[in-house]
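Quick mapping for you: the protein sequence lines, in order, are chains X and S.
Residue numbering for the first sequence follows full-length UniProt numbering, starting at 1 and increasing by one per position.
Residue numbering for the second sequence follows full-length UniProt numbering, starting at 1 and increasing by one per position.
Note that these hints are calculated values from the structure, not bench results.
The structure displayed is predicted, hence computed values, not measured ones.
Glycine included, every Cβ here is placed at the ideal spot set by N, Cα and C.
Just so you know, not all the hints are guaranteed correct.
[As the list claims (entries may be wrong)] Below 20 Å or equal to it, Euclidean Cα-Cα: the simulated EDC-like pairs (lysine to aspartate or glutamate) are: (1) K159/X - E149/X; (2) K48/S - E149/X; (3) K48/S - D227/S; (4) K129/S - E104/S; (5) K97/S - D178/S; (6) K48/S - D86/X; (7) K146/X - D129/X; (8) K322/S - E339/S; (9) K48/S - D89/X; (10) K180/X - D129/X; (11) K48/S - E60/X; (12) K48/S - D129/X; (13) K146/X - E119/X; (14) K129/S - D161/S; (15) K48/S - E158/X; (16) K48/S - E35/S; (17) K322/S - D163/S; (18) K334/S - D351/S.
[What the hints assert, rightly or not] Here chain S is said to cover these stretches of chain X; the calculated rule only asks that three of the stretch's residues, wherever they fall, bring their Cβ under 8 Å from a Cβ of chain S: (19) 142 to 153; (20) 160 to 170.
[To be verified] If you want a taste of the chain S side facing chain X, the calculated C-beta under 10 Å gives, among others: (21) E39; (22) M40; (23) A44; (24) K48; (25) A50; (26) F142; (27) I168; (28) P358; (29) F387.
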Amino acid sequence: MVRLEEYNILVIDEDPDRAAIVERGLVESGYARVSRIGTSHNLVERIQALAPDIIIIDLENPDRDTLEQMFQVSRAIARPIAMFVDQSDASMIQEAVSAGVSAYVVDGLRQDRIRPIVEMAISRFNVFDQLRRERDEAQAKLNERKMIERAKGLLMKEKGLSEEESYNLLRKNAMKQNRKIYEIAQSVITAFQLEF
Amino acid sequence: MANKVRLGFVPLVDCAIPVVARAMGFAARENIELELVREMSWAAIRDKLAFGMLDAAHLLAGIPIAARLGLGGLPVQNIVVPMALGRGGNAITVSTKLYQRMLEADPDAMHGPRGLSARALKKVIDEDKAEGRPIMSFATVFPFSSHNYELRYWMAAAGIDPDADVNIGVIAPPRMFDSLRNGWVDGYCVGEPWNQRAVFHGDGVIVALKDDIWSRSPEKVLGLREDWANSNPELVSSLVRALVCAAEWADQPGNRVELAHILSEEANVGAPFEVLNASLSGKPVLRPGEPPLDLPDRHVFYRYTATFPWLSQGRWLGEQMKRWRQIPEDSDLKAVIREVYRPDLYRTAVDGLDVLVPKDDWRVEGAANSADQALVGRDQFLDDSVFEVEC
Numbered sequence: 001m002v003r004l005e006e007y008n009i010l011v012i013d014e015d016p017d018r019a020a021i022v023e024r025g026l027v028e029s030g031y032a033r034v035s036r037i038g039t040s041h042n043l044v045e046r047i048q049a050l051a052p053d054i055i056i057i058d059l060e061n062p063d064r065d066t067l068e069q070m071f072q073v074s075r076a077i078a079r080p081i082a083m084f085v086d087q088s089d090a091s092m093i094q095e096a097v098s099a100g101v102s103a104y105v106v107d108g109l110r111q112d113r114i115r116p117i118v119e120m121a122i123s124r125f126n127v128f129d130q131l132r133r134e135r136d137e138a139q140a141k142l143n144e145r146k147m148i149e150r151a152k153g154l155l156m157k158e159k160g161l162s163e164e165e166s167y168n169l170l171r172k173n174a175m176k177q178n179r180k181i182y183e184i185a186q187s188v189i190t191a192f193q194l195e196f
Numbered sequence: 001m002a003n004k005v006r007l008g009f010v011p012l013v014d015c016a017i018p019v020v021a022r023a024m025g026f027a028a029r030e031n032i033e034l035e036l037v038r039e040m041s042w043a044a045i046r047d048k049l050a051f052g053m054l055d056a057a058h059l060l061a062g063i064p065i066a067a068r069l070g071l072g073g074l075p076v077q078n079i080v081v082p083m084a085l086g087r088g089g090n091a092i093t094v095s096t097k098l099y100q101r102m103l104e105a106d107p108d109a110m111h112g113p114r115g116l117s118a119r120a121l122k123k124v125i126d127e128d129k130a131e132g133r134p135i136m137s138f139a140t141v142f143p144f145s146s147h148n149y150e151l152r153y154w155m156a157a158a159g160i161d162p163d164a165d166v167n168i169g170v171i172a173p174p175r176m177f178d179s180l181r182n183g184w185v186d187g188y189c190v191g192e193p194w195n196q197r198a199v200f201h202g203d204g205v206i207v208a209l210k211d212d213i214w215s216r217s218p219e220k221v222l223g224l225r226e227d228w229a230n231s232n233p234e235l236v237s238s239l240v241r242a243l244v245c246a247a248e249w250a251d252q253p254g255n256r257v258e259l260a261h262i263l264s265e266e267a268n269v270g271a272p273f274e275v276l277n278a279s280l281s282g283k284p285v286l287r288p289g290e291p292p293l294d295l296p297d298r299h300v301f302y303r304y305t306a307t308f309p310w311l312s313q314g315r316w317l318g319e320q321m322k323r324w325r326q327i328p329e330d331s332d333l334k335a336v337i338r339e340v341y342r343p344d345l346y347r348t349a350v351d352g353l354d355v356l357v358p359k360d361d362w363r364v365e366g367a368a369n370s371a372d373q374a375l376v377g378r379d380q381f382l383d384d385s386v387f388e389v390e391c
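Can you build the whole structure from these sequences, using the hints too?
So this is what it looks like as structure tokens:
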């Protein structure tokens, strides 16, 4: 029986951060032979050289069209590779597609041995998505705070209000108009930028 | 309430039909809220359609046939084709360096009919063989694309074996141009704007147009999941009607400049206006710095039954799959094509509209002076062969 660490897994991803997260997840689960490559024009040659048993690639990656050719030209690669779809498990397909994961495996590998690898990739893609969402949200929050600070500064300078009065003015208007404070701040900034 | 349809497309000139259906209100008129999703690869758009993330897709005509046959490693996917999305605007472009070599090797072939320009390529290949040089690389966009079959047809007619004398690889359309530019491939067959773009940048020369190979070769189609189509028959009809009306709009010469502007937007094709306009106005430039040709049929979206899903066009694709050993010799193509291509859905949808539909669902392809030339346009293979198969 083939031990876990003997599977040769290749991760192809244009996003090096995501590829690193997937790689780490696989290595921590006991898969020792994991390599990763980004976009490359000699993809076929590189895959031939690495001779992977399993390729994990993001669903949207245009290199997938090149991989599909390998199914047709078996002489291009020592062992035929096919897309992994576990037909007995429709929910897994849905999970993979919505996470943006696709996997290609060497013909003849047992489905039950591949599933945990694909599941790991799916969960890592989801983790990465979550991290990116949190980062984007944090960035958005920071921008909102900056906008409020700028609006307060303008009100203090142009209207002679104190910092607290400026903030209270923004808050009062936000409540009255049923809008967010940063939206009012944005309107204030826009208004002061108008040229008369 | 409007019916929502999520339609995926790949940024190529022939995404015009769905893009126009949304931009010019043809979808809204059919009470459809058309959401367009831009995809960068054929594998991705196929999988998203197959697994329900899209309701409809702009697909290479070969993909639904390959999916039904379970080719490409995927288990069988039942996709149906209720209409074609125009005749496309493919061309074969070679690097300027290879063009110079072809010109020197066989000036007669390069000044004769473009469909036979591969004769010059054959001479270059023979020179390389004699000198022991490595074989050249060409690219198409997908194993089951008309581009692949057109490139092979063009080569084979000149005595080139596309499986032995050259390397034919696959590169997604948006990456084609860079591959030629960086010298990773010597030539390619792709849809516009990726040929015209190479010419405008001085990196490539167009040596054959789709029209020079076979003007009626099938290109893109509308693909729907069969179960979705079966459970939404009225929506399928409305969608087809909206797209046929959009095709008619896009086909008018007077609308082409506006169309080039719409397609140049980043959310659509995202290529420079002048590149798109050269090709859409029927004035393609084949060689850098040369005056444009006058080819009003360079892009056909509606006329010549360009939206009708001809069984004989699907069958031709299937026969090319056999010819290049992608499927076994004994595959029952007649049954498969009838399952995939659904002219009945098209006929139902356009019933009552002022749309010219042929009497039959298939025809003898490539016969010069056939009685229906006015309806289907010029129909000639580069080698004058006739494709007569009962469908």
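Against the structure, the hints:
1. Under the criterion of a C-alpha separation no larger than 20 Å, the hint pairing K159/X with E149/X is consistent with the structure, at around 15 Å.
2. For the hint linking K48/S to E149/X, the alpha-carbon distance of about 44 Å lies beyond 20 Å, and the restraint is violated.
3. For the suggested pair K48/S and D227/S, the alpha carbons sit about 15 Å apart, so the restraint of at most 20 Å is met.
4. This hinted pair checks out: K129/S and E104/S have alpha carbons roughly 17 Å apart, not beyond 20 Å.
5. About 15 Å separates the Cα atoms of K97/S and D178/S, which keeps this hinted pair within 20 Å; it holds.
6. Distance restraint check for K48/S and D86/X: the Cα-Cα separation of roughly 16 Å lies within the 20 Å cut-off, and the hinted pair is therefore satisfied.
7. Annotation: proposed proximity of K146/X to D129/X is violated, straight-line Cα distance about 26 Å (limit 20 Å).
8. Restraint check: the Cα-Cα separation between K322/S and E339/S comes to about 18 Å, which is no more than 20 Å; the hinted pair holds.
9. The straight-line distance between the Cα atoms of K48/S and D89/X is roughly 17 Å, inside the 20 Å bound, and the hint therefore holds.
10. With a C-alpha separation of about 27 Å, the suggested pairing of K180/X with D129/X is violated against the 20 Å cut-off.
11. Restraint check for K48/S and E60/X: satisfied, since their Cα atoms lie roughly 10 Å apart, inside the 20 Å limit.
12. Distance hint between K48/S and D129/X is fulfilled; the C-alpha atoms sit about 19 Å from each other, no more than 20 Å.
13. Restraint check for K146/X and E119/X: the C-alpha separation of about 41 Å exceeds 20 Å, so the hint is violated.
14. With a C-alpha separation of about 13 Å, the suggested pairing of K129/S with D161/S holds against the 20 Å cut-off.
15. Distance check on the hinted pair: K48/S and E158/X sit about 55 Å apart at the alpha-carbon level, beyond 20 Å; violated.
16. Taking the CA atoms of K48/S and E35/S, the gap is about 14 Å. The hint holds against a cut of 20 Å.
17. With a C-alpha separation of about 14 Å, the suggested pair K322/S and D163/S falls inside the 20 Å cut-off, and the hint holds.
18. With a C-alpha separation of about 26 Å, the suggested pair K334/S and D351/S falls outside the 20 Å cut-off, and the hint is violated.
19. Figure legend: the stretch 142 to 153 of chain X, annotated as covered by chain S; annotation inconsistent (0 residues with Cβ-Cβ distances under 8 Å, at least 3 required).
20. By the rule of at least three residues with a Cβ nearer than 8 Å to a Cβ of chain S, the coverage given for the stretch 160 to 170 of chain X is violated, with 0 such residues.
21. For E39/S, the shortest C-beta to C-beta distance to chain X is roughly 7 Å, which falls under 10 Å, so the interface hint holds.
22. This hint holds: M40/S has a C-beta 5 Å from the nearest C-beta of chain X, less than the 10 Å allowed.
23. Hint status for A44/S: holds, given a least beta-carbon distance of 5 Å to chain X, under 10 Å.
24. Taking 10 Å as the C-beta cut-off, the interface hint given for K48/S holds, the closest approach to chain X being about 7 Å.
25. Because the beta carbon of A50/S sits about 9 Å from the nearest beta carbon in chain X, less than 10 Å, this interface hint is met.
26. The beta carbon of F142/S comes within 6 Å of a beta carbon in chain X, closer than 10 Å, and the hint placing it at the interface holds.
27. Interface hint at I168/S: satisfied, since its Cβ lies 8 Å from the closest Cβ of chain X, which is below the 10 Å cut-off.
28. Using the Cβ-Cβ criterion of 10 Å, the hint placing P358/S at the interface with chain X is not satisfied: the shortest such distance is roughly 33 Å.
29. The restraint placing F387/S at the interface with chain X is violated, with a minimum CB-CB distance near 23 Å, outside the 10 Å limit.
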